[in-house]
Amino acid sequence: MSVASAVGGAQVTGASYLEFLSQLAFLKPISHEDLAAFANTVLVRQFTAGQDIVVQRQYGHAMFVLVSGAVGVSVIGNDDKSVKLGVLQNVGDYFGEAALLGRGERTATVTAENNVTLLEFEKHRFDLICRRYPKVREALETVYHARAIATYMRTHNYLGKLDDKTRQTLGNGAKLRMFQRGDDILKAGDKVTDVLLIKDGVAKATRAKGTATSILAYFNTHDVVGVADMNIRNYTLTALGQCEVITLQHGVFSMAMINHPDIAKHFTKDDMNRQGVLEGIGTSKQTVFGALDKLLGAGVEVESLLIINLDRCVRCGNCVRACHSRHEYTRLDRRGPIFKRRAEIGKQGVHEHVMMPASCRHCRDPECMIGCPTGAIQRSPSGDVDINNNCIGCENCARKCPYGNITMRPLDENDPTKPNKEVTKRAIKCNLCRDYSYSNCVHECPRGAILRVDPLRYFEELALVMEAEQREAIEYQRKLPGSKQQVKPRSTWFIPASFVVGLILIAAVVGAALFATPGGMSAMQGGSMVGIPLGLFAAFCLFSAAFLGARKRMRNSEKAGVTNNDVTPPKITKPKAALFPRGNLESWTQFHMMFGLVGFVTAAAHAGFHVTGIFTTLLMIVFSLEVITGALGQLIYMTVPKTLTRLERHGLARLVEDLVDEEQTLDTTIAELVQTVPAKTWGEVRGKIDSVAGSIGSRTGAKYDPPAALEAAKKSFQAPGEVTEDVRGTLDRVLESKMRLLDVRAQLRLHRSLRRWLIWHVATATALVVLVVFHIVTALTVI
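Residues 45 to 827 (the numbering used here) make up the sequence shown, in order.
Here are the computed lysine to aspartate or glutamate pairs in the EDC-like style, where the Cα-Cα straight-line distance is at most 20 Å:
{"#": "1", "residue 1": "K125", "residue 2": "D207"}
{"#": "2", "residue 1": "K219", "residue 2": "D267"}
{"#": "3", "residue 1": "K759", "residue 2": "D734"}
{"#": "4", "residue 1": "K128", "residue 2": "D207"}
{"#": "5", "residue 1": "K782", "residue 2": "E716"}
{"#": "6", "residue 1": "K782", "residue 2": "D702"}
{"#": "7", "residue 1": "K473", "residue 2": "D459"}
{"#": "8", "residue 1": "K219", "residue 2": "E182"}
{"#": "9", "residue 1": "K72", "residue 2": "E182"}
{"#": "10", "residue 1": "K444", "residue 2": "D227"}
{"#": "11", "residue 1": "K309", "residue 2": "D207"}
{"#": "12", "residue 1": "K782", "residue 2": "D770"}
{"#": "13", "residue 1": "K732", "residue 2": "E780"}
{"#": "14", "residue 1": "K469", "residue 2": "E457"}
Label-pair distances were calculated between CB atoms; the ranges are:
{"#": "15", "residue 1": "G94", "residue 2": "L260", "range": "45 to 51 Å"}
{"#": "16", "residue 1": "P446", "residue 2": "R221", "range": "16 to 22 Å"}
{"#": "17", "residue 1": "T186", "residue 2": "N278", "range": "29 to 35 Å"}
{"#": "18", "residue 1": "R176", "residue 2": "K209", "range": "39 to 45 Å"}
{"#": "19", "residue 1": "K209", "residue 2": "T536", "range": "53 to 59 Å"}
{"#": "20", "residue 1": "G226", "residue 2": "R799", "range": "39 to 45 Å"}
{"#": "21", "residue 1": "A69", "residue 2": "T536", "range": "58 to 64 Å"}
{"#": "22", "residue 1": "R176", "residue 2": "L260", "range": "41 to 47 Å"}
{"#": "23", "residue 1": "E707", "residue 2": "G226", "range": "32 to 38 Å"}
Simulated from the structure, these hints should not be mistaken for laboratory data.
Cβ atoms here follow ideal geometry from the backbone N, Cα and C, with glycine treated the same way.
Given the sequences, and given the hints that come with them, work out the whole structure.
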């Protein structure tokens, strides 16, 4: 957006502006020697009239100091219209300090009024100087607080409708405070002196009752908390992530609301509307709404969320392999919490189970960016968070990521991208496939089960308790040109399209066999004028369907554009053309089935829909088996994932390797426990335990629920009355381990069923291809 002054292609630094920098009030505490070193990191930027320098709601990592010219400051008001706040034209005026203080998102748009020269302070350089001179940050904080309070109240959905004098009165004595994840903003028992305005973030109100804690409400951006509180707080307010709060004097706020009842009614009205909408949504702990606290704690206050619909996922691992093929090291782990999502708010009982795998969530307030010594981890204006090649592998970001989604990868000794020879590793994380036109994990899913979603759209229950302004801010990011935040829903156009194409082709084949052959289908001959084209078309359909196997191995045919790997912000570049143009794997899978079915019908028509010899009979039998195994596979794909999810839904989704390890551990545990039980007692209860534990097959029933089944088994099992309490406790543990072991074995059986049909399908397809080739060669030889 900005253009650096350059001499011979090199960026001009602020070294020649040392005297100018020393006159800035907030830089006064810095020694002359350190200021000279800092000046070498400052960049000189030049803008022409009308250029936007920073844009509201975009993300930034630098502030600017005015050297010459003038800039206008404007914000988007509560009516979505631009409101001009003023003009900065004094030498030494500055803006964008919020980015240096870790707020990230720009709160206003600043535009050059004429030709402007600015000095740019980059965040990570500024952080380094502030470690030695904390008073520099304190000075900027004071200015930022005053500006942020005034600007935010002017753009607030309701307070922005007050007159300037009332807003100024409210702002007198107001304070801006920053809270981190888990901090208590208010505590039960505190004296009521303030009303809180949530400037940014999410907070929850809780009330303790004995040993239990009840969640009363969630408060989000633009919410006002404590309007009706009297004397003493009877709840605790806790930040669920980085949270900025403006405190307003309770008495002054109450008086303003008395004088402006038209504004005051909005606060209670919003609360009542929210409560009315939430009625009947359900509070089961398995649903998204019931698990809302856990969901928010898992980071749904994020910009882009990767989810896996477990009811569709066939556990093939293709998403992980696709990530690995594109980035060399996978940045996706198919492990994570599971939530039960209501597919549509208006429909009762229609749910989907979704998992949040371990993948970067591009948080609105990335904690990983705090304290990076080289500024390698940065955020682009569109919101993407990425790690550049100047990473030195200090692991600071990996330690600070609250979700554990940043890992370290080793670097080759001669890797040309290393900043120096001493660096042996680099932090990696999902970067939304930066410099590519699509996310490879999503593109390579054969079932459309993995998606990048906007959590406020996808989780409708969550959207009900989130303020509209937050959704609007995220929606704004989606519209930015080239933004990877443009989350697209799963497209299914190819499903009806494949059926239409298939029906048209089948109708054409049957019509040709019926009407283009003298004597009808009974007279059809493979070597006739109609039979030969039908045979060739059948072969074409077969080989087209078989090409799906080759397509599955083309996970990374698109090459990235040039990536900017220095310390400047990531640039959005246009990707190069794909080496082999292709659609997503799900559409290929759908058309694979269509071509297979059309090919079978065409082959039957080619044979005149009757058997003419041993070889033709064998070929059609093998072709029939191919279609049958394919249909069986689709049936398995439609039913087994849901059954598997019922066994997984109360914990973490398990990979096959996890289940195998757990099976071995449970076998060992049961054997060790049995050894401590008297042989006579074990002989008496063994059959009872096996009986109440059930079978592997019983685990696949639609009504089977692991926790409920365990509770019922414990009630049914009665240990002999003469055994000691220690033996009774051991038997209970044996029963629990046995139940879990059967659950694990049922999961392993389901996992294997998702694979074994494919073995038969591929084997049959191979035999079919061999027979068809032999048939074609034989026919050509005869001709």
